[in-house]
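With the hints as extra help, turn the sequences into a complete structure.
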Amino acid sequence: MKRNERIVLDSLEINRALSRVAHEVTERNQGLSDLAFVGIRTGGVHLAHRLAGRLKKIEGVVLPVGALDITLYRDDLYKKREQPTVRKTEIGFDITGKKVILVDDVLFTGRTIRAAMDELIDFGRPREIQLAVLIDRGHRELPIRAHYVGKSLPTAADEKVKVFLSEEGEEDRVVITNDAEN
Amino acid sequence: MTLKIKDLISIKDLDRDELRLILDTAESFKEVGARDIKKVPTLRGKTVVNLFFEPSTRTRTSFELAAKRLSADLVNISADSSMVKGETLLDTARNLEAMQADLIVVRHPCAGAPALLAQKMTSAVINAGDGAHEHPTQALLDLFTIRARKKTLEGLTVVIVGDILHSRVARSAIHALKMVGSSVRVVGPPTMIPREIMNWGVEVFYQYDEALKGADVIMTLRLQLERQGRSLFPTIREYSNLYGLTARRLSMAKDDVLVMHPGPINRGIEIAPDVADGLSSAILSQTTNGVAVRMAVLYLLSGVAKHEPVDPQRTPH
Chain A
1 MKRNERIVLD SLEINRALSR VAHEVTERNQ GLSDLAFVGI RTGGVHLAHR LAGRLKKIEG
61 VVLPVGALDI TLYRDDLYKK REQPTVRKTE IGFDITGKKV ILVDDVLFTG RTIRAAMDEL
121 IDFGRPREIQ LAVLIDRGHR ELPIRAHYVG KSLPTAADEK VKVFLSEEGE EDRVVITNDA
181 EN
Chain B
183 MTLKIKDLIS IKDLDRDELR LILDTAESFK EVGARDIKKV PTLRGKTVVN LFFEPSTRTR
243 TSFELAAKRL SADLVNISAD SSMVKGETLL DTARNLEAMQ ADLIVVRHPC AGAPALLAQK
303 MTSAVINAGD GAHEHPTQAL LDLFTIRARK KTLEGLTVVI VGDILHSRVA RSAIHALKMV
363 GSSVRVVGPP TMIPREIMNW GVEVFYQYDE ALKGADVIMT LRLQLERQGR SLFPTIREYS
423 NLYGLTARRL SMAKDDVLVM HPGPINRGIE IAPDVADGLS SAILSQTTNG VAVRMAVLYL
483 LSGVAKHEPV DPQRTPH
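So the sequence lines, in the order shown, correspond to chains A and B. Residue numbering for the first sequence follows the numbering used here, beginning at 1 and increasing consecutively. Residue numbering for the second sequence follows the numbering used here, beginning at 183 and increasing consecutively.
In short, the hints are calculated from the structure, not lab data. Nothing here was measured: the structure is a model prediction, and the numbers come from that model. A portion of the hints provided could be inaccurate.
To be verified - Dumping the calculated SDA-like pairs for lysine to any residue here, alpha-carbon to alpha-carbon at most 25 Å:
hint: 1; chain 1: A; residue 1: K80; chain 2: B; residue 2: K221
hint: 2; chain 1: B; residue 1: K221; chain 2: A; residue 2: F123
hint: 3; chain 1: B; residue 1: K220; chain 2: A; residue 2: G92
Right, dumping it as structure tokens:
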């Protein structure tokens, strides 16, 4: 199965990157009281929980974490051969007036983030939306930039970046493949 | 995974996995209905037509809300006008297709009418009830409601009571329940039990009390007074005595029994008011869930643009 796979981040490096991002979050936002995390399914939700856990350790503050499924807001729904599976959005708190940090595993074209922002704004009026990603692989198609980046990774357009996380029963790692079938 | 069908005419068109896919997708859409802004942009630019040749409040409104919450454009047609003017069903439908309708929701007094449309049209056709044949989205919302309350569908004992002969709700429900591994009992006057029922893999009862022993779910059916003369039973009072669900009868079933009814209810005939409004009743949940299930069906059937080639150059997210 694993053809042309290259590990670009291992478990230790992922954890270091997340710790640094957590510190950057505290630096950028003086006082964490209005902050909330919203992860984009599936990887982003796990990462959002990990970041919230680190902030609890660093600052002793428990921040709310929500989960966003952007399927219904995609701009390519009718271009796909298969209808993507719709999962649940679960945001158990009012986002109005909050600084919401959107979390995703890989930032690529930016289209997912556009969809996520549109969906988020249907839930209320956040004071600010910030973006945190584990990997920024470039190739943006929309004017979108992340506030917090775990690692910038130059890639070719036909390569794929996959983030595996222990929450999904995998060993933590980020891999690049250039197997079109994957 | 995705649905392999273009249209939803009968529960029999689905396999077990597809049925589960619809129920699971409906779970996600139920969350949309609980939001302050109950609208997502998913079907923007798609056109849904409600083509109803029979009166309906609940089903028509449910499909309408489902389409609107998905941002589709919706047209309601109560098709008496074209019928009065003598237009054939196919001509009416072809005109709708000429106006680029993507999904057509049909209710018709004749069994088979939606199937005929589905055959002749490229638009997706959804059966919203055809004669005494099927009402698949009703069965799906019933299963969704049972699963939400009971956490499973397998191994449940479901009693369906009333006029099985004329009930499209019962036909769809029986097929669906058998598919997911529930055991089904039907009970009603012998004149209202179809002969071919022996081939459906259900148990037949004529005594209500007997059928209720150990029941997990009771699906009461509406006595369709408008659909037939009263020649199938002597009086409404007698029918109500023998096949009305009362608090006394309810106590024969399991303690956590779920009471359902597709609506509209004839209070005091097939179900006593205190049972319809009681703690065991899931009747209003069925209505809420109906919108979520129909959103799922519209979403899944709108699927891939059927007539357009798929762009191989699509960039992934």
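Structure-based check of each hint:
At roughly 22 Å between alpha-carbon atoms, A:K80 and B:K221 fall within 25 Å of each other, so this suggested pair holds. Taking the CA atoms of B:K221 and A:F123, the gap is about 10 Å. The hint holds against a cut of 25 Å. Between B:K220 and A:G92, the direct Cα distance comes to roughly 16 Å. Compliance with the 25 Å bound is thereby established for this hinted pair.
Of the hints listed earlier, there is not a single one the structure fails to meet.
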